[in-house]
Structure formats: C-alpha cells, structure tokens
Amino acid sequence: MTVTSTPLSTTPPIDPVRQAPASAKKKLTSSWASLAAVLLAVLWTLPTFGLGISSLRPERAIKTTGWWTFFSDPTVTLDNYRAVLSAEGSEGLGSFFVNSFVITIPSVIIPLCLASLAAYAFAWINFPGRNVLFVGVFALQIVPIQVTLIPLLTLYVKMGIAGSFWTIWLSHSIFALPLAIFLLHNFMKEIPAGLLEAARMDGAGHVQIFFRVLLPLLTPALAAFGIFQFLWVWNDLLVALTFAGGGNAVAPITVALANLTGTRGTAWHLLSAGAFVSIIVPVTVFLLLQRYFVRGLLAGGLKG
Amino acid sequence: MNTAGKLLLMASAVLLFLAVVGVILFVAGRFSGRRSDRRVAFLYLAPALALLAVGLVYPAARTIYQSFFDAAGETFIGVDNYRTIFTSSDQLTVLRNTVLWVLVTPFVATGVGLLYAILVDKARLESFAKALIFLPMSISFVGASIIWKFIYEYRPDQAGVKQIGLLNQVIVWAHGTPQQWLVSPPWNTLFLILVMIWIQAGFAMTVLSAAIKAIPDDVVEAARLDGVTALGMFRFVTLPSIRPAVVVVLTTIGIGTLKVFDIVRTMTGGQFDTSVVANEFYSQSFRSGNEGLGAALAVLLFVLVVPIVVYNVRQLRAAEAR
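Top to bottom, those sequences are chains A and B.
Counting in this note's numbering, the first sequence runs from 241 upward without gaps.
Counting in this note's numbering, the second sequence runs from 34 upward without gaps.
Isolated chain B (complex conformation) (with noise of 0.2 Å):
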C-alpha cells in the first residue's frame, strides 16, 4: 500500500466511527417516554462494554487458562510451567533481574526528582530547567534505548581504534580501561536500569514539585522563624507534607517497571543474563513457541501488579483527600 493509500484508509477508519457514534446518538435521540433512560444507557455504554468484553475480558481469561498448559497448547499440565519459573535457573535470574528492577528504579527515579523539585524550586528558570530534565519522558523506550548505546557503546581497547560511547570515553581520559557495559551481569542489568531512571525521574520531580509549591506558605515560614536549618526543613516539614506524593511516585513507577520490555529488548534482547518477566513473556510465546510458559508469565505479571495498583489507587484517593 502507498502513502496516499493508507492515509485514505486511515481517514475512512475515523469516519467509520465518527458514524457509529452519529447513528447511536440519533437513535438515542428518538426515544423517548419513562424507560427511555435505560435504552439510551445501554446504546452509549454498548459499543465500549462490547470491546472490552472481547479485547480485554475474554483474553485474559483465556490466557489464564492457558496458562495451565504445554508449550503447544493442547495438554493440560497442572501448574508446572509456574513450577518452572520459579525453579528452573533461567527463570530464576529473570525473577532476580525483576525484583532488581522493581527495587532500584523507583527509589532512585524518584530521589532524583525529588531533590531536583527541591533544588529548583523558586529558582531563576524554574520552568525551563524542569523541561530539561522531563524531556526524556516524552521520548519512546526504543529511542531511549538507542541514545543510550551511544553511551555505553565499546569499541576494542587496542591502537587506533577510538572509543564511540561516551562513557568509555570518560573512562579512557582517566586513563582506565574500556569496558562492555552490557555484557558482565549482574552490573548489565544495573546499566539498563539507568535508562528508566533517566526516563522517569522527570515524572517524579513533576509530580513532586507541584506537591511541594501545595504546602502552605505560613507553615515554612513559622518554621524559618523557628530556625530551622534546610536539612531540618527537609526532614520536618516537606517530607512529612509530600508524603503522600510520593508514594503515589513510588508506586506508580513501581508499576511501569514492572512491565518494562522495550528497553531490554532493545538494548541485549534479553541476552546475557538481562531478561525480564515482560521480555520474558515475549521471547517464549513469540520467539520459543513455549504458549504455556509465556501465559504463566503474563499472569504471574498480572499477579504481581494488583498489590501495588490497590495500594497505589488508595495512597491516591488519601492524596486527593486532602
């Protein structure tokens, strides 16, 4: 299909349902009469409940389902492919790098952020300094993922050849020796980890920097008065006052960690002991055929996420409550 082509497609997709919400709406229109109201609910609500019934409803289902068979799909096998990801030596290390996700990322995303809501705060640019460092956020994992090959790229430690990535740059100008950031686990899956905190502190330090502009004025005030130093400032009165921001950050980084894929997939492909639960899921049902194992995988995602959005839902209503 050529470029004319598939933007004709796309502008008939739009209009498609542009008219599926026009004939609702003027069916909607015709009723009228005492039970109206329902018949006009059940037309609104129809084509959304319709999707997600079978887009999202039925699918996890059935991959629930799934989940308790072979690699083909045909023979039920119990709970062996869950056995087999909290046993077998190459799940394991996936679980290992998961966990070492879900550990790192959120705390120090959201420590850098906050301390540069801190130490921006009221400053001179205040809004184009915070731009610099919540720019990464708008930019996909991929590109994300190949900015920082650029960085952690190396190139043969002979004469002649120059490094290419920056960081063996830096570490040639110090006169030390290149090395394969990616290669030697467990360090790889800390150097992939860098690249959600770069992605993410921006969304701390957003979230966090309104939190901080909400605390009232005379509480800082009476306690400048009182003396207190900046560390005591920090400790008494922002932190307490935060709070509950930032464990809605926390969390909420918590959750997309969880599911991070694109990052390692496109940095190792998962190699060198660099997989995770998300990437996982991926290889064994699209790469190794294993429909079983990558069902088990998704749900034991889905598993894993429920605590944490509960929590994350309830810290947000107590924020809201304020």
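Okay, chain A solo, but in the shape it has when bound (with noise of 0.2 Å):
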C-alpha cells in the first residue's frame, strides 16, 4: 500500500557465530529496514514539529512564509503564546483552557465514581437478573452518541441546564458509564474470591470489603480507564458543540480552535500557538503513563 516494497527485516542477529554466514545479507536488508522506519518516523514528526516552529514565529511571517524559512531566517518570538493564553483580550483563548479542565476533571471522576459502584455489585454481589443487566450494560457500548444527542438536549432545556457545565458533565459521565462498568468488572472478576471471602469470615461487609480489598487493588484498572476517560473529554469536540455552544462561558478549547479555523482570513498564528498549548496536555499525560493509556486505549476502542 505504502511503502511495503522495502524488504521487511526480521530481529537483528544475536549470536554473531551461527548468524554468520547470512550475516551480510542480514545487514543489507536491515539497513534497507532502518531507513524505512527512519523515513516512516521523520514523517509522522514533521507535520507537528512544524506546527511547533510556526507557533513561535510573528503573526506576519506565518502568514507569508513556510515555518521551514525559520532556519534561514530565525526570529523566534513568544507573542503568539501570550495572546492565546491571556484570558482577557478578546482573542485569547485562555478562559476555553479553563474551561476544558473544569470539564474534563469532573468528566472523569463522576463515571469512575459510579462505575466502581455498580461493577462491584455486578461483580460480587448475587441478585436475580445480574447477568442480563449486565449484558445489557455492556450491549450500550454498542450506540453511538450521535443517537442520543437531541433527545438529550431537549431534555436539558427541560431541567433548565442547558448551557451550563453541568450538561457537559453529565452526558460525558453517561458516555462514559458502560465501558467503565465494563472494564472494572473485569478486573474485579480476576480478583481471587479467596481474598474476599477471608476478609467476610473477618466480619467485613461490602463497604469494608469494596474499600480495603478491592480498591487497593484496583488501581491499575482505574488509571487505565481515567486516563482513556481524561484524553477522551479533553479532545472531544461533538459533545462540546452540541451542548456548550460556541461562546466562552463553558466551551473548551477544542470548540474555540474549530471556530477559528473557519473564519475568514485564519488567525494561523492563534491557531498554531492554541493548538500546541491544546496537545501539550494529552502529550504529557501520554508520556508520564504510556503504560496505562495503552492498555485503557485497547479497552476503550468501541466508545463513542
């Protein structure tokens, strides 16, 4: 499809001795599988790696020249930063920044919350009808949030929250509920009962048990699923649209970039320094705990 005629290199060859006497065509094709890679890495990087240069550049000379010009002529200028994220001035767009944690912070705890409740009960708890619920829990993964969005806002001009950050909190909280049940189920399920049931013969009752027992244990599976929940709230656009509108009262940063995208004459200077400052955040979250976000990914890949 791409670029699968470059011969494709197995592991490069540990034992030296009975590696020998292929080891010269080994090095060939694995210098051919070096470059590939390389040429594969420097394109996926370029495109944000320019957008980081453009950032820093004055406003007339993003909107007149390539960022690749910086190296010939650099002029490095941190205007573009200080406009985006004064909260003031009527182009910075620092308020959509606090507005995009004041979102995403409750966004994950709320499901996390509730889901920890309610897949313990599912989990270790025996009542008539569990595992239909629960295959019905699970089945929910399945509907998009498109379907739902307009009932949903109806029903918020109802209650009369509509445009506050409350609906925001809640959809991305409902959103979130059937994989989080899901995915912490699971784990509880891996839970030897053996743990448990001492910890019954101690006297311990569900409280006890859920706090000491299971929670301890239960990191992994809430970090997996918290960082899934955080970077999901924190890129999405949709559901902020849909119930924030478009001024700066609760809008993120998400809807304030896709609006300057679409006005005329484009504010590429906004833009670039917003939208670095917007992916610093999930970068570093991706960097500090790759381990989880991974695992959380995998888990999460039907939601939405």
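A portion of the hints provided could be inaccurate.
[Claimed, not checked] Derived DEER-like restraints, expressed as beta-carbon distance ranges: (1) A:PRO368 with B:GLU107: 23 to 29 Å; (2) A:ASP313 with B:LEU51: 38 to 44 Å; (3) B:TYR115 with A:PHE341: 40 to 46 Å; (4) B:LYS246 with A:PHE341: 32 to 38 Å; (5) B:ASP113 with A:GLY376: 30 to 36 Å; (6) A:ILE401 with B:VAL339: 27 to 33 Å; (7) B:ALA105 with A:LEU318: 47 to 53 Å.
FYI, nobody ran anything at the bench for these hints, they're computed from the structure.
Source: prediction; values computed, not measured.
All C-beta atoms in this analysis are idealised placements derived from N, C-alpha and C, irrespective of residue type, glycine included.
Once you've looked at the hints, go ahead and assemble the two chains, each given alone in its own frame, into the complex.
Take a look at the structure:
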C-alpha cells in the first residue's frame, strides 16, 4: 500500500557465530529496514514539528512564508503564546483552557465513582437478573453518541440546565459508564474470591470489602480508564459543540480552535500556538503514563 | 463566570457526587440480614442505571422514533428520510465518502502500523521510535486538523507569493504547480483520510507490536533454521500468529472512522463534497434544522456500527482465548 516493497527485516542477529553466513545479506536488508523506519518516523513527526516551529514565529512571518524558512531566517517570539493564554483579551483563548480543565476533571471522576459501585455489584453480589442487566450495560457501548444528542439536549432544556457545565459533565459521564462498568467489572472478577471470602469471615461488610480489599487492587484499572476518559473528554469536539455552544462561558479549547479555523482570513498565529498548547496536555499525560494509556485505549476502542 | 467561580463550581460538582457515593455506602453498610444483598446491589446500581436509562436508552429510542418524522418533527412521513439518504444526490455523495473513509483508513493505517512495528521490532531505541508514531494518537482530531491545515494550505501561484503549506512547497521545489488540495472531489476526501491514517497508525502499531512480541521464540527460531527468508517469515510465521490482533485493529479503526466528524468539520466543514454521515448528521440536525433527516442519519450510523462491533467483540474473545 505505501512502501511495502521495502524488504522486511526480522530480528537483527543476536548470536554472531551462528548467524555468520547470512550476516552480509542480513546487514543489507536491515539497513534498508532502518532507512524505511527512519523515513516513516520523520514523515509522522514532521507535521507536528512544523506546527511547533510556526507557533514561535511572528504573526506576519507565519502568514507570508512557510515554517521551513525559519531555519534561514530565525526570529523567535512568544507573542502568539501570550495572546493565546491571556484570559482577558478579545482574542485570548485562556478562558477556553480553563473551561477544558473544568469540563474534564469531573467528567473523569463522576463516571469512575458511579461505575466502581455498579461494577462491584455486578461482580460480587448475587441478585436476580444480574447477567441480563450486565449484558444490557455491555451492549450499550455500541450506541453512537450521535443517536442521543438531540433528545438529551431537549431534556436539558426542559430541566433548565442547558448551556451550563452540568450538561457536559452529565453527558460525558453517561457516555463513559458502559465502558467503565465493563472494564472495572472484568478487573474485579479477576481478583481471587478467596481474598473476599477471608475478609467476609473477618466480619467485613460490602463497604469494608470495597474499600479495604478491592480499591487498592483496582488502581491499574482505574488509572487505565481514567487516562482514557481524560483524553477522550479533553479532545472531544462533538459533545462540547452540541451542549456548550460557541461562547467562552463553558466551551472548551477544541470548540474555540474549531471555530477559529472556520473564520475567513485564518488567524494562523493563534491557531498554531493554541493548537500546540492544547496538544501539550494530552501528550504529557501520554508520556508520563504510557503503560496505562495503551491498555485503556485498547479497551476503549469501541467507545463513541 | 470568572475562573475562580468556574473552579468552585467544578469542586462542588465533584464533592456532590462523592457525597452521593458516601451516602450510598453509608446506607448499604447499615443493611444486614438475609435479604440485604439485593438491597445493596440495588443501591450500588441505581445511580449508574438511572443515568444510562435517561441518558442513553431513552434518547436512542426517541431518535429512532423521530427518524420517521419530517424536518420539524411533527408529521409522520414513514421511511421518507431514509429514502432521501439513499436517493438524493447530496446524500449519495455523503454515503460514497463514508464508504471511502471506512474502506481506506483501516487498511492503510493497519498496513503502515504493521510495517513500522516489524521494522522497529528489537531495534535500538525501539520505545522512542514507537513513541514518535504513537504521539498523534493523543492529539485531538481538531489539533490534528490544524496541523494538517499547515500542510495543505494553498497560496495563489503568483510571483512574490510564497507557499506556506509544506505540501505545495515541496511541489514548487519539484517545479510543479501548487494545488488546492481540499477543493476538488473526490481527491479532497483522500487528503482528509490521510489525517485519520496519521492518527490511527500509532494505535495499529502499538497493538500489533505487542502481538508480534507474543509470538513464541522457538517458532521464530525453527523457521530461521529452516532458512526461511525475511518475506517468508512474515508470510508464514508472523502474519498467521497475529491474525486475530490484525482483525481487532482493523475493526476498531473502522468503527472510529465511521463516526469521524471532527476532521471533516474542522478542515472543510463538509464543503466541496467532503461530508460524511457523522458530519451530515450534525449539519442537518443543528444547521439546516432538519431534525428528521438528522435522526435518520444517526440511526444509519447506529445500524452500520452494529455488525462491525459484533464481529470485533467476537474476534477479541478469540484473541483472548489463545
């Protein structure tokens, strides 16, 4: 499809003695392989790198020349970042960043709390209809959020909370619940029953078992889901666009950036710096917590 | 509302929900006796199930119902909205684009991801090399669209006017004529798809790399002793071993692609015949005020997703059973 004609190398020789006869050929294929890998890596990194350079150039320069001219004519300025981060100025995106944080944090904590309780009930309490209910919750992961938006908006208007943070918190929490319950349930099920039995023998009730036995063991699952949900909400456009509107009262940074791209005579300097700042948060989260991130991502592939 | 007010509101919302959980746990702790289990289960499940019923089940049913009504949502018109989707030329373009997205994105992204996973497997700096490809995955679709706008940007081809988009500059360096990449269909859709591929290849690479590392060493060693070439190794050892993972990656990216909205909306706004079902749903529902057609498009999305999800879940089970 792309560069598949490049020879595929497998493992580089580990044992030089046994691999000796093939080593010349191996070296050749592996240097082609390295070249292809480096080429792909450069192709994948260059777009983001260009944006980073652009965000440091003066407004006029961004609008008249490409970012690569930076290397022949380097002028660095932080004006774009200053403009983007100020909460007061007319073109500042600062308040949208605050909104992004204000939206994201409860949207992670609320579903985590509610889902842990539900997952515990599904995993460790016997009650009639448990399996049917659980399969029902699992199946809800299929529902695309588009199907729910308009009736939800109508409900919010009736409740008188339209256009407030509550609509976004509630929506993100609701959309996250099926996945969160499913993930945490699977994780809780894997904890050996003997541990719970022992706690029960000691006279611990459901509440003590939940806090003393399960919660400490659940940390990786909570982290995996928490990070996935954090990035999902931080990067979301559709939910915010539907429920928050475009004003800077509650709209997050994604909405502000999307609106900026739509305007005529594109504000490239604000776009570049704004996009870069909005990217830094999830990238930092990713770099710090890569391990959990991949796990959550894999589990959350069906969401949305 | 100022920043402090917002933060205060946020803190109180979190505290409110923690208090709800606290009350539930407190009440649950008081229950005892033979039938206490049922009551505890009910208490634990009530908030989540109530939210799901009101926020997911009811709205979905409502939207399906609404899809049989006209633009204002008042007159019953049967399947006319669905007929529109499959007959009007605008909507057919939307369907064609969606098909293009769903066919191209998963296969190319998975191909690139797989190739890269094999190339860097056990190489020096492997985790760094992987992080480079994976990074786009953590960027928002809006952010990615802005990044690629800087690549596709077009400036009129006149003396004294310099290109600021990288792609057109490369064309100029090669003595070609700069193009308006996002304007002429159907190629513009392919350029949008490229953005999605850029994002998703990292996901494919990560999952497939883990699958490749799970192939037992003795299998690889035995094949090598038999003198299998690199290409043969891929064809007869690697690919069969990671087949379930490949299917999971393909379907997962397929589902995400089917619902793609942010990229189209941010880069072209659905103009120049680039709209897809998820974007058309938004435009019809919130821009054109055609609630019925919007609802029908959302239902269509739902119907299209179901078979892929079912297949995906089955494959995931098969992959885990190994």
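Cross-check of the supplied hints:
no.: 1; hint: A:PRO368 with B:GLU107: 23 to 29 Å; in the structure: violated, 42 Å
no.: 2; hint: A:ASP313 with B:LEU51: 38 to 44 Å; in the structure: violated, 55 Å
no.: 3; hint: B:TYR115 with A:PHE341: 40 to 46 Å; in the structure: holds, 42 Å
no.: 4; hint: B:LYS246 with A:PHE341: 32 to 38 Å; in the structure: holds, 37 Å
no.: 5; hint: B:ASP113 with A:GLY376: 30 to 36 Å; in the structure: holds, 32 Å
no.: 6; hint: A:ILE401 with B:VAL339: 27 to 33 Å; in the structure: holds, 32 Å
no.: 7; hint: B:ALA105 with A:LEU318: 47 to 53 Å; in the structure: holds, 51 Å
Checked against the numbered hints above, the structure breaks hints 1, 2 and satisfies the rest.
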